[in-house]
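> Here is how the chains run, residue by residue.
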Amino acid sequence: MTQELIRATIETLEMVTVSSLFSVLLGLPLGVLLVLSRPQGLRPRPALYRALDAIINVFRSLPFLVLMIMVFPLSRLITGRATGTTATIVPLAVAAIPFVARIMEQSLLEVDGGVLEAGLASGAKISQLVWTVLIPEALPALVNGVTITVINIIGNSAMAGAIGGGGLGDLAVRYGLYRREPVMLYTSVAVIIVLVQLVQWLGGYLERRLRRDGKVTASA
Amino acid sequence: MRLLTVKNLRKTFAQEKEAIHAVNGVSFHVDKGEIYGLIGLSGAGKSTLVRCLNLLERPDSGEIWFDGIDLTKQNEAVVREKRREMGMIFQHFNLFMRKTVEDNVAYPLRIAGRDRSESKKRAHELIDYIGLSKYARAYPAELSGGQKQRVAIARALALNPKLLLSDEATSALDPVNTELVLSMLRQVVKDFGIGIVLITHQMEVAKALCGRVAVMESGLIIEENNVETLFLSPKHAATRRLIRGVEDVFPLKHGETIVKGNIYRLGFRRESVRRPLISHISREYNVDINILAGDINVLQTGDVGYLVVSFEDIGDEEGALKALRENGVELVPLTAEDAVNHL
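Line by line, the protein sequences are chains C and E.
Under numbering that gives the first Met the number 0, the first residue of the first sequence carries the number 0, and numbering increases by one thereafter.
Under numbering that gives the first Met the number 0, the first residue of the second sequence carries the number 0, and numbering increases by one thereafter.
So here's chain C without its partners, still in its complex pose (with noise of 0.2 Å):
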């Protein structure tokens, strides 16, 4: 039984950890495109910004457990099952990508315009500008924003455990609902509650430090 909550336990790391990674290497992009191509933005471009913004809020709206087995073909193709801890780590993804994206560009929106300013007066080309400035300036909100996607992606994967994803979500769903096994169920709940924690505890911590403007030494 601990064997099985420990492997468990490592199948959800992964989901979350791979899919965690996925969604930031390509929300933060669109994050970044949003900011930059909105009316207002250093590039407008209305048109983009409009379809993206729709696409996102479209994503945004479907349940994740509608959206999962939309996502099966994906999934299918990319990792050769639908089902399974592999398998699982597409359709979370695909979900929090417009999310991460939505919550990149409300932080980089925090960046002062002034600042951005300074690095066009200084000479800095845009895309200069968003690595050595927008990014940088905008990190402990970023960090922020990381953090909460990883919350919710923990939350997701034990959603998915129900249909065949493994892990916490899995172990919970197979013991308590069909074996009506309290003990295991109560220790995955735990177990997730746990992890959630100490990513808010983690996440929480590096924003604070970042957020010290000052006595910051990780920053380059």
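A few of these clues could be false.
Stated by the list, open to error - Below, a list of computed lysine to aspartate or glutamate pairs in the DMTMM-like style, where the Cα atoms sit at most 20 Å apart:
id, chain 1, residue 1, chain 2, residue 2
1, C, 124, E, 311
2, E, 259, E, 190
3, E, 234, E, 84
4, E, 98, C, 111
5, E, 161, E, 30
6, C, 124, E, 84
7, E, 31, E, 69
8, C, 124, E, 114
9, C, 124, E, 329
10, E, 98, C, 109
11, E, 161, E, 33
12, E, 321, E, 270
13, E, 16, E, 30
14, E, 98, C, 13
15, C, 124, E, 30
16, E, 161, E, 270
17, E, 31, E, 190
18, E, 189, E, 127
To be verified - Output of the computed footprint for chain E on chain C, the stretches with three or more beta carbons under 8 Å from beta carbons of chain E:
id, stretch
19, 111-119
20, 131-140
Quick caveat, the hints were computed from the structure, so don't treat them as lab data.
Quick reminder that beta carbons are idealized off the backbone N, C-alpha and C, glycines included.
Since the structure of chain C is provided, determine the placement of chain E on it from the hints.
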């Protein structure tokens, strides 16, 4: 040497209902070693104008000649190159909050592709120059406003620009720090041989720093002159209003009409500023002169004074005015309303 020539520059913003002509046909030039002041109340278009100069804002029409080319006709890459020849400082400093002082100052160098050690060396020279060596590794949040602006000046000078654009650089500072930053700008012009375009709404800033000053209102330069002449004989009400900020409060309350007779603003040059001209002329021409307001302004080029007076119980007013002119006094007639509203 001519650094910058602006010809007939225009910039219009389309608003919901009407177009705002923020800059409505402005021409001026700036020479090497000169601090050129653009002064006006908020909304006059000065900030839009200065942001057009390095094309942070694309002007709709007009020419900006800098370094032998018209910037308005260039592509982005060329504009970027030329921005490196034009430093800029801002009202709210706009330092990178998550970079150290050293990294802020080195930023334009790093962006221009200079290597790390060379950038760092240059940054440290400039940080020494602004007198903040011990803050090199500090973050902007640890500095006072005046210190932040000095760091911003160092950053603006990093690439050895020919011209510095200063957009209300002292407006957010207290008087002590304002003085510090102003004297630093004065020093920078001497030490680096650059020119400055200085945007301000504070006449005392223009007075302390500028050679020539242009007064802006509604997107236009309504009056341009050297600062001495501007103080001696301001032509426009807007100019007088701006000067008033550094002159004594006029003793008349709005609506009161206690002033009889003709009102004049008398501008005194440094030769006449210390002579007892008024009492002399009063005796000579048998006129009663009522002094309504007055002050002496200490300018870069010397002292100028002014008096607002009314001639009452007139003897030979014509003769008195003629004598004043002959003594080098600049006369600007004011209506009673002028005097109350604009002085």
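> The structure should be examined with respect to each hint, and the outcome stated for every one.
Hints, one by one, checked against the model:
Between residue 124/C and residue 311/E, the direct Cα distance comes to roughly 66 Å. Violation of the 20 Å bound is thereby established for this hinted pair. Restraint check for residue 259/E and residue 190/E: not satisfied, since their Cα atoms lie roughly 53 Å apart, outside the 20 Å limit. Of the pairs offered as hints, the one joining residue 234/E and residue 84/E is violated, with about 35 Å between alpha carbons and a cut-off of 20 Å exceeded. Between residue 98/E and residue 111/C, the direct Cα distance comes to roughly 15 Å. Compliance with the 20 Å bound is thereby established for this hinted pair.
Taken as a hint, the residue 161/E and residue 30/E pair is honoured in the structure, with Cα atoms around 10 Å apart against an allowance of 20 Å. Between residue 124/C and residue 84/E the CA atoms are separated by roughly 15 Å; this keeps the pair inside 20 Å, and the hint holds. For a cut-off of 20 Å, the pair hint linking residue 31/E to residue 69/E stands: about 18 Å separates their Cα positions. Between residue 124/C and residue 114/E, the direct Cα distance comes to roughly 18 Å. Compliance with the 20 Å bound is thereby established for this hinted pair.
A distance of roughly 52 Å separates the Cα atoms of residue 124/C and residue 329/E; the hinted pair therefore is violated under the 20 Å criterion. With a C-alpha separation of about 17 Å, the suggested pairing of residue 98/E with residue 109/C holds against the 20 Å cut-off. Of the supplied pair hints, the one linking residue 161/E and residue 33/E holds, its CA atoms being roughly 11 Å apart against a limit of 20 Å. Proximity of residue 321/E to residue 270/E is assessed by CA-CA distance (about 17 Å); at most 20 Å being required, the pair is judged to hold.
A C-alpha spacing of about 40 Å is found between residue 16/E and residue 30/E, which places the hinted pair above 20 Å, so the restraint is violated. Taking the CA atoms of residue 98/E and residue 13/C, the gap is about 35 Å. The hint is violated against a cut of 20 Å. Pair hint residue 124/C plus residue 30/E does not hold up; C-alpha atoms about 29 Å apart against a cutoff of 20 Å. The straight-line distance between the Cα atoms of residue 161/E and residue 270/E is roughly 36 Å, outside the 20 Å bound, and the hint therefore fails.
A distance of roughly 12 Å separates the Cα atoms of residue 31/E and residue 190/E; the hinted pair therefore holds under the 20 Å criterion. Straight-line distance between C-alpha atoms of residue 189/E and residue 127/E comes to about 17 Å, which keeps the hinted pair within the 20 Å bound. Only when three residues or more bring their CB closer than 8 Å to a CB of chain E does the claim for the stretch 111-119 of chain C stand; here the count is 7, and the claim holds. Coverage of the stretch 131-140 of chain C by chain E holds. Counting CB-CB distances below 8 Å, 5 residues qualify, and the rule asks for three or more.
Hints 1, 2, 3, 9, 13, 14, 15 and 16 from the list above are not met by this structure, while the remaining hints are.
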